[in-house]
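Protein chains in written order, with this note's numbering: chain A, -9 to 217; chain B, 149 to 370; chain C, 125 to 369.
Treat the hints with caution; some may be incorrect.
To give an idea of the chain C side of the interface with chain A (calculated C-beta under 8 angstroms), a few residues [to be verified]:
id : residue
1  : SER140
2  : ASP178
3  : CYS191
4  : ILE200
5  : ARG203
6  : ILE211
7  : HIS221
None of these hints come from the bench; they were simulated from the model.
Since we're looking at a predicted model, the values are computed, not measured.
C-beta: ideal position from N, C-alpha, C; glycine also.
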Amino acid sequence: MGLNLDFSVVLERWPLFWDGAVMTLKLAALAIVFGAIIGTFCAVGRNSGNRLIARACTLYVEAIRNTPLLVQIFLVYFGLASIGFKFSAFSVAATALAINVGAYTAEIMRAGFESIPTGQIEAAEGLALSRFQIYWHVILLPATEKVYPALTSQFVLLMLASSVTSQISAEELTAVANYIQSDTYRAFETYILVAIAYVVLSLVLRAGFWALGFALFPRRRRLGTAL
Amino acid sequence: MGGSLNANHLLFLGHGALWTIGLSTIALIGGGLLGFLIALARVSPSRAIRLLSGGYVQLIQGTPLLVIMFLGYFGLSALGFSISALMAASASLTIYVGAYFGEIWRGCIQSVPKPQWEAAEGLGLSRTQRMIKVILPQAMRIATPPTVGFMVQIIKNTSLASVVGFVELARAGQIINNSLFEPFLIYAIIAVIYFALCFPISALSRRLERRMGNGRTKLMPA
Amino acid sequence: MTKDSPVVSLKEVHKSFGALKVLDGVDFSVGRGDVLVLIGRSGSGKSTALRCIDRFETIDSGEIHVCGHRVDAPDIDLRALRQDVGIVFQSYNLFPHLTIEQNITLAPVSVKRMAKAEARERAAAVLAQVGLAEKLDAYPEQLSGGQQQRAAIARSLAMQPKVMLFDEVTSALDPELTGEVLKVIEALAADGMTMVMVTHEMGFARGIADKVVFMHAGKVHETGTASILAAPATPELAQFVGTGF
Ligand SMILES: Nc1ncnc2c1ncn2[C@@H]1O[C@H](COP(=O)(O)OP(=O)(O)OP(=O)(O)O)[C@@H](O)[C@H]1O
Ligand SMILES: [Mg+2]
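Just chain A, with the same shape it has in the complex (with noise of 0.2 angstroms):
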């Protein structure tokens, strides 16, 4: 059988592969700033003092940490349903996907959180700072920049995820690629060029979060060094 590649036409429906790109980011941005608040509340709950928030967002992080994002997407797409909710398919994907980037940010954020030495605290106990001073400034900006590259490489982690709310779906890019394969009969060249696509994206995200690091920690941009 002789292989007969035909990129022309999937090519010509770039305007749609441009939509689902842009969706796609808009599906990740929006999780990623939901997730990172989700995730770092969690992470401060687990470690406050009281057992039963401690408690609850232990739950939460291994909940979803050990089931599969494909399972949550559903569980929120017809949980919503269930209780009557009527969603966009759009805000069912945005929201199962912060709910899920939230549990890893809260994982990775508590890891900042104990790489913060005991003295640090002191010190800062010592200076009168009140505890959500202590708690903002010699806690949370600090794990912060130690933990921003993990952070980033999960946050492109779930942009490239987010190709999974194509199941109930939602318009982005993979969403796009399975409406052009069933157009045009060219699945091998649509899910070539949507995995370019994907791939350029992640480097795209990864150069945008290497400059928001330059921004936000002048300390790494005057050093050159990781915290």
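With the hints as your guide, set chains B and C with the ligands onto chain A.
Relative to chain A, chains B and C with the ligands alone:
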């Protein structure tokens, strides 16, 4: 089937769970072998081999598993290859897992302290002997916790085989749901089964990690 | 607080860690402008006593008064206490993600609500005081150990404490870097700062101490002016001074 959830449904789910384990095992073995070769290639003395294997890792780690899965199943069959869902899923997972294992293990090999490499060289061992006798045994120790940890990812990732129609746990759930229309209940059950499969491995990996010590010594006040 | 009442006083202070009795009825006090040096064998409870003063440890019984604060009271205003007390540890504990200037201005700005510009001026002043004027913009890791410790002292001084506590601030340093830190402390003493310090530098203690407290087995075993180091009254102190540790 049809009606309400009964023993037959649970049996069907159990069957799916067995296939999840089976597929995970295939991916672990296939991806492990491939990953081992890639890890070695990544520290090869040949620049070309290092670049090639590095490129492979970058490419695969920049592509969603789902797309690899589609490429392997729909892509290849569109080109006229007849390929079963099991074959497509196994091959996709192997390709995917191989890249991640390759990267994890490269890190472990390179984290064997430099003096060990030099000492082995000083003993006049050949490159292969150095690897087999000195470096790999130590790297394997370092690699155990992250490898066990990644097994959880493998199990979860096999759920994506459902999208090409392979009947593992997630697909089994979908099929049951098609007759029962109780999606939330069924996916909750499936989630619990996945949790039961994954959590012990997660816990084990964490225990191993703790036992190895993370090498961070905290500064304590005098 | 009357004029002559001590700045820091410990009365019958008891403290145990589990079954381990670390402070077994410790008494001492420091007057305004005085330097008290705590010495004793490793594990004799010096750090614990010092940490109790700033309430990094809570005591089991006894009384501690610091600058009018009743430190052992359960409802003590910790932040008020710590604005009056500066503490410097053996491991400098500078905040690694902040420049030296930011390390110093953090507390005055966040705690005392000082204007940023004023805080920066003060940072420059205290850094000059410890001889690090040119390190304002450096990050901690760019400094030597001795410089980091001096920066940590400057950071405490910026809060204008009424008393300074030093816990073996030179024991993590190479001998050649110890001198520069001790000089800073000497200058502070000459300026009239009230200080309590734990140190193993006997020569330094002899020169700077108004009062020496020798701790042994959780108690103040011998106390007096620096002259007790030259002429110990108890065999334990004699042995301690003789061997150094
Ligand atoms: N948080 C703690 N928990 C349990 N035991 C402690 C704690 N802190 C100190 N100890 C114990 O209390 C005793 C006194 O400790 P402390 O640090 O006060 O001694 P030190 O005189 O400062 O000794 P060094 O010269 O070695 O610094 C030691 O036996 C120590 O192990
Ligand atoms: Mg001590």
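Hints not upheld, ascending by number | 1, 3, 4
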